[in-house]
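Assemble the whole structure, with the sequences as input and the hints as a guide.
Chains A and B supply the protein sequences, listed in that same order. Under our numbering, the first residue of the first sequence carries the number 1, and numbering increases by one thereafter. Under our numbering, the first residue of the second sequence carries the number 1, and numbering increases by one thereafter.
Please keep in mind that the hints were generated in silico from the structure rather than gathered at the bench. Careful: at least some of the hints might be erroneous.
[Claimed, not checked] The list that follows gives simulated cross-link-like pairs (lysine-lysine, DSSO-like), each with its CA atoms no further than 27 Å apart: (1) LYS130(A) to LYS266(B); (2) LYS151(B) to LYS167(A); (3) LYS242(A) to LYS215(A); (4) LYS203(B) to LYS485(A); (5) LYS311(A) to LYS242(A); (6) LYS189(A) to LYS215(A); (7) LYS330(A) to LYS266(B); (8) LYS330(A) to LYS151(B); (9) LYS311(A) to LYS215(A); (10) LYS101(A) to LYS144(A); (11) LYS203(B) to LYS252(B); (12) LYS285(A) to LYS167(A); (13) LYS167(A) to LYS101(A); (14) LYS131(B) to LYS242(A); (15) LYS481(A) to LYS203(B); (16) LYS215(A) to LYS269(A); (17) LYS131(B) to LYS203(B); (18) LYS452(A) to LYS203(B).
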Amino acid sequence: MDMGTTTMDPTDPMDMSSPEPMPEAAPTSAPRAAPAVAPTRAPITRQELVTGIAPPDLASGLDWVAPLDRESAKVGHLLRRTTIGVSAAELDRAMTEGYQKTVARLVDTPVAEPPALPSAENATSAAYVKLGDLQTWWVDWMVKSPTPFAEALTLFWHGHFTSDYRKVGLGSPFMYWQNLTWRRMSLGKLGDMLFQATTDPAMLRYLDLLTSTGKSPNENFAREFLELFTMGVGNYIEDDVKAAAKALAGWRQPQTQAMVDARLAALAKQNKPLPSNPPKADPVKTGIFDATRAYTGTLTMLGRTGAFDTKGVIQRVLEQDATATFITRKLLTYFAAPAPSPSWVARLSGSYRRSGYDTRALVRDMLLSPEFTAPETYRALVKSPTEYMVSAAKAVGSQTLTRTILVNANGLGQTLFDPPSVGGWGDNDYWISSNTMLQRANFITTALGQTKTLPLTAGADQRLLEGVLGPRTAAELAATKDERKRWYVLLASPEFNLK
Amino acid sequence: MAFETGINKISRREFMKNGLVFAAGAAGLAAGYAAVPDVFARAVYSAKKDGVMNDKVLVMIQLAGGADGLQTVMPLQDPRIRTLRPRLSAAVDQALPLANTTLGLNRNLRGIKGLYDQGKVAIVNGVGYPKPSLSHFDSIRVWETADPTRKQMDGWLGKTIAKNYDSQGHPLVGCACGTSETPGALRDLQATLSVVNGENSFKFNGQDADRVMGAVYNGTPGIYGALFDTSVFTARDTVARLRTAHERYVPKAKYNDNVGLVYSSKNQLGAALQLAAELVISGVGAKILHVTLGGWDTHDQQLNRHDQLMAYVDQAVTAFHEDIAAYGMADRVLVATWSEFGRRPQESASAGTDHGTASSMFIVGDGVRGGVYGQMPSLAALDRGGNLQHTVDFRSVYQEILASHLLVDPREVLDQTFERLPFVKTA
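Pasting the structure below:
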């Protein structure tokens with residue numbers, strides 16, 4: 001079916017645009033799903049509406065024409081999936097390198113860390129780090145980092161091993177540390193990451209492991225560890241949750257020197273005596289094991305009986321096929337396709353397990369899979385709010401939109417360091433509602449208003465969208481002369497909302 | 001003064017629906033590649049020949065995270081609660097006793113207790129389902145789809161809308177207030193829904209922005225095309241309706257989101273319920289509304305956390321009822337609370353509780369036949385996981401809401417018939 005043949009409804013009272021799509025923007029043939037007969041369409045009769053707003057015509061029956069047989073389009077597709085938007089420099093470099101070399105660079109380049117944030121590192125109960133500072137620090141780096149794939153992965157893990165500032169609090173560096181940790185470990189071994197996730201100070205607070213004891217375990221962390229972090233619901237039983245809760249108990253949180261000093265100062269200020277055993281700073285940035293609060297004795301977990309400690313629990317979980325499958329599917333669903341085929345998941349999860357859960361190898365496998373650039377993956381994912389806003393900033397070459405991004409984040413549905421639940425954020429259709437679409441469009445209005453110098457729109461649709469525009473977007477662009485308005489059409493379009 | 005609830009006023013011609021079929025791009029998926037669930041592949045405006053013509057409104061309040069039942073509706077005379085909850089049972093001493101029962105309400109439910117005493121609140125105890133899941137997400141899905149077998153994808157409220165209201169309706173028939181995303185209970189392939197986070201920010205900024213969005217989001221290709229187009233259309237339509245609603249609505253109760261909580265809330269329950277009240281009172285056609293308050297996953301510090309959340313709910317629900325009643329609409333608006341599960345009777349070392357099973361639901365409105373329904377589960381007969389055994393299937397509650405309040409056929413939504421709990425006044 002030829003996308004260019006779709007005619008706009010001439011009776012649409014709202015349609016003021018030119019009926020002629022931009023010739024260079026309208027692909028001329030669809031490589032797949034071409035029905036023998038054009039889809040039949042019910043006759044549309046326009047009716048008077050109270051609000052005067054015409055409902056959309058949902059009967060287009062069209063899909064995007066995937067251009068992924070072209071190397072340049074494959075590269076654009078790859079970057080949209082991996083780099084939270086595409087800067088001009090990144091695109092030029094990747095186009096020169098080609099797909100394979102770009103994958104190698106994305107996966108193998110050592111991660112560039114964001115500049116240190118002292119107000120977070122030194123946060124105490126007397127000197128909170130501001131949530132806005134933490135968010136600014138990260139979003140700035142998403143826009144500027146020379147290794148943006150690490151930021152995309154950090155965002156992925158932030159939604160997976162998630163924690164929120166409300167419960168963890170901002171009177172410690174814990175949320176900041178967690179962000180640094182996920183970035184450093186983003187392509188490491190899963191086993192190491194699971195140990196870190198268990199003993200991460202923010203996580204200890206968020207899922208209550210720090211108050212759990214062998215005698216009176218708190219199931220919160222153990223349950224989410226099995227359900228959300230490793231195996232998935234249905235692959236374990238309630239007795240496994242209870243056993244894991246016991247085995248994982250015994251961790252306490254570390255204290256920085258600044259936290260200790262703040263506590264002592266608070267006591268002094270209240271004229272309270274120092275405790276006989278005064279608090280001391282810990283030399284580590286992870287949880288500290290206190291054997292006196294741990295469980296002693298044997299347990300049965302996932303079909304094996306023995307003395308389990310934290311490493312033992314992780315080991316047992318890594319021995320389950322469900323773990324490799326669960327993590328692989330989650331990664332593929334996030335970066336590659338909304339419903340990855342079971343055979344693809346099985347192939348990659350098998351390699352993942354054989355590699356000793358080497359996440360770098362898994363990610364490379366994913367990006368080099370033929371499925372990753374199959375036509376049906378083209379625009380098959382919806383950008384998350386953060387991806388959408390950061391990608392818009394990169395599209396117009398602005399590094400000064402961080403504040404606007406943060407102000408709009410809540411309306412679009414994604415506040416960093418504040419996931420809606422322990423399950424993190426949803427994906428794709430989760431992001432599309434009347435509220436979020438309106439707020440996405442409004443973000444673009446504000447962002448364009450704050451960008452003094454915009455690049456020219458000429459060629460932008462080619463660079464950002466491979467020139468694959470739906471007929472309505474093409475028509476609106478063709479009818480719009482003003483450069484700012486053209487940017488609005490491009491960035492608010494459905495095309496730009498997808499990745 | 002009350003405006004006619006919009007559903008009766010707005011012509012069915014208002015809304016275009018010709019049974020349009022969105023031919024899925026997903027149809028072209030190659031072999032070896034799983035088909036995308038065709039959530040977006042069908043028309044969302046479905047044709048219904050006969051819609052429901054009444055003025056009833058339902059407001060569901062989700063208490064997300066698993067709200068503890070035993071610190072909400074308490075057995076006052078069962079000593080086992082002291083043994084199971086050495087610290088948390090302090091709440092029992094401050095409970096508000098319900099006359100002629102052995103139960104007491106949380107000390108902070110004073111407003112709801114007042115409405116209960118006026119016969120306007122039904123409390124249903126022991127609500128749950130067979131083989132309960134202790135996973136938040138799994139159990140939320142069960143409640144949202146009204147299906148413990150996990151076969152249904154559509155939400156029970158979405159299904160209710162699609163089966164009964166769409167033909168004469170418009171996007172505001174079903175609306176989630178105070179959130180950015182569509183709650184699962186409202187999702188349905190065939191239902192058109194609104195999501196309005198905050199009224200003040202709900203307008204298109206920028207010259208021509210509204211028109212451009214309408215022009216561009218029309219026949220959008222791809223698997224999300226229908227969802228995109230519907231969402232943008234819904235947004236544009238809602239902007240216009242909210243303008244009308246806002247002009248017509250003068251709040252007659254005080255809503256307050258300035259509440260003390262151990263951990264700050266992500267949701268503004270007062271503002272969300274006030275928006276719901278505005279949509280109902282202004283007669284723009286709202287029928288089924290959904291609001292959420294999170295923070296109930298009280299694995300730690302439950303005594304204070306739960307009590308403070310109770311106060312928040314009490315204040316917001318009471319204000320909502322007062323507002324609606326001042327407009328003479330309290331007999332046609334039903335408010336019901338739900339949560340994915342109650343919590344474990346045994347407290348933990350963290351002075352909190354783990355995930356549990358059965359709990360109590362509140363149904364509030366002048367159309368309610370007030371009282372206590374359902375058997376309080378026994379603390380002496382916990383299941384092998386140490387949890388309460390449910391005595392009422394949650395679908396019995398849904399059934400009564402659908403059949404006796406909304407006056408629709410509950411079997412179309414629930415597929416089967418459940419024991420009747422007659423908590424709605426019927427003529």
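Do the hints match the structure? See the list:
Straight-line distance between C-alpha atoms of LYS130(A) and LYS266(B) comes to about 17 Å, which keeps the hinted pair within the 27 Å bound. The straight-line distance between the Cα atoms of LYS151(B) and LYS167(A) is roughly 34 Å, outside the 27 Å bound, and the hint therefore fails. For a cut-off of 27 Å, the pair hint linking LYS242(A) to LYS215(A) stands: about 12 Å separates their Cα positions. Of the supplied pair hints, the one linking LYS203(B) and LYS485(A) holds, its CA atoms being roughly 18 Å apart against a limit of 27 Å.
With a C-alpha separation of about 17 Å, the suggested pairing of LYS311(A) with LYS242(A) holds against the 27 Å cut-off. A distance of roughly 32 Å separates the Cα atoms of LYS189(A) and LYS215(A); the hinted pair therefore is violated under the 27 Å criterion. Between the alpha carbons of LYS330(A) and LYS266(B) the distance comes to roughly 26 Å, so the proposed pair stays at or under 27 Å and holds. Proposed proximity of LYS330(A) and LYS151(B) is supported: the alpha carbons are some 21 Å apart, at most 27 Å.
Straight-line distance between C-alpha atoms of LYS311(A) and LYS215(A) comes to about 19 Å, which keeps the hinted pair within the 27 Å bound. With a C-alpha separation of about 22 Å, the suggested pairing of LYS101(A) with LYS144(A) holds against the 27 Å cut-off. A distance of roughly 25 Å separates the Cα atoms of LYS203(B) and LYS252(B); the hinted pair therefore holds under the 27 Å criterion. Among the hinted pairs, LYS285(A) with LYS167(A) is consistent with the structure: their alpha-carbon atoms are about 19 Å apart, no more than 27 Å.
For the proposed pair LYS167(A) and LYS101(A), the alpha carbon gap of about 43 Å is over 27 Å, so the pair is violated. Straight-line distance between C-alpha atoms of LYS131(B) and LYS242(A) comes to about 17 Å, which keeps the hinted pair within the 27 Å bound. The straight-line distance between the Cα atoms of LYS481(A) and LYS203(B) is roughly 25 Å, inside the 27 Å bound, and the hint therefore holds. Between LYS215(A) and LYS269(A), the direct Cα distance comes to roughly 37 Å. Violation of the 27 Å bound is thereby established for this hinted pair.
Distance hint between LYS131(B) and LYS203(B) is unfulfilled; the C-alpha atoms sit about 45 Å from each other, more than 27 Å. Distance restraint check for LYS452(A) and LYS203(B): the Cα-Cα separation of roughly 24 Å lies within the 27 Å cut-off, and the hinted pair is therefore satisfied.
In this structure, the hints that do not hold are numbers 2, 6, 13, 16 and 17, in rising order.
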